[in-house]
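Number of protein chains: 2
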Amino acid sequence: MIRKITPQDFQSFWPTFSSVILAEEAYAFDADMTFEQSYQLWCEAPLKTFVFVEDDVVLGTYYIKPNAMGPSRHICNCGYMVSDQARGKGIARQMCEHSQQVAVELGFKAMQFNSVVSTNEVAVKLWQKLGFDIIGTIPKAYKHPRIGYVDSFVMYKWLL
Amino acid sequence: MIRKITPQDFQSFWPTFSSVILAEEAYAFDADMTFEQSYQLWCEAPLKTFVFVEDDVVLGTYYIKPNAMGPSRHICNCGYMVSDQARGKGIARQMCEHSQQVAVELGFKAMQFNSVVSTNEVAVKLWQKLGFDIIGTIPKAYKHPRIGYVDSFVMYKWLL
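Going down the list, the protein sequences come from chains H and L.
Note that the UniProt record's numbering has the first sequence beginning at 1, numbered continuously upward.
Note that the UniProt record's numbering has the second sequence beginning at 1, numbered continuously upward.
Extracted from the complex, chain H is given alone in its bound form (with noise of 0.2 Å):
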């Protein structure tokens, strides 16, 4: 089931975030940012914020927010994230579902990830399954930590 998050959802699923933002391989984020910053960042600056749950588990969660604003603003941003003991299940290709109709019902046009980081190519392949295309290759774009310097991609997908 994908519902609005709750300060207890986001308490129950700080293990998982705390651990993938330490991990630096996918996420653009302050690597120790509290817990406050993180439920800030992730729960209170965007427009929405969703969670995936299955037997009372917190197993994903994923925000929607306006990547720009005035002439820009019809175009959307989204996060996902989900726990490593649920990964494989497609969480994460229920949850772009979910935001891609979100999105449309909150009047958005289109929705851009801004940095897919190129090595995360479980990533790349899900949003091009589910219709985004790479539209720009930002080159060393993300410091990953055993790899070094690796590229990003901006995905994007018109929804109408």
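None of these hints come from the bench; they were simulated from the model.
Hints should not be assumed to be uniformly reliable.
Identical chains blur together in the list; that is why a pair holds if it fits in one copy or across any two.
In silico lysine-lysine, BS3-like type, Cα no more than 27 Å apart, as pairs [stated by the list, open to error]:
1. Lys48 - Lys140
2. Lys143 - Lys109
3. Lys129 - Lys89
4. Lys125 - Lys140
5. Lys143 - Lys4
6. Lys89 - Lys140
7. Lys140 - Lys109
8. Lys140 - Lys4
9. Lys125 - Lys48
10. Lys157 - Lys48
11. Lys143 - Lys157
All values reported here derive from a predicted model rather than from experimental measurement.
Starting from the known structure of chain H, fit chain L onto it as the hints suggest.
Structure of chain L alone, referenced to chain H:
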């Protein structure tokens, strides 16, 4: 002369700033931002903000900030604005060159513009002349008041 901005500088530049965001031809800002919101966005949220001053008149301003956090914090982002009466005098070029120097001093390795409106040909050509590459094209990224949806470019330069 290029120096750090003061609240008084922004006040005196406000007629330009407000007319530029109202025109909705170059910036992805809300056209109806108040003075206080604009000050926050341009002068407080960024890392640093500068003005180009000639004979005590503020002819241009730019900000510099990290474009993302954590593993992508080495890329900065800048925004430049020049008053109408000062166009064609090379002020944007001087500010961009200044910003690249400031960027390197602050430890940034690259500079990225996330959305250069494709119809803003003067800007696109200037950034290209200054070594920026178009590394992505965002389809229908910007709703131009007369032309309708136009593409935006992601532009990037490695500074080192």
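Legend entry - Broken hints, by number: As far as the earlier hints go, 5, 6, 8 are violated by this structure, in ascending order.
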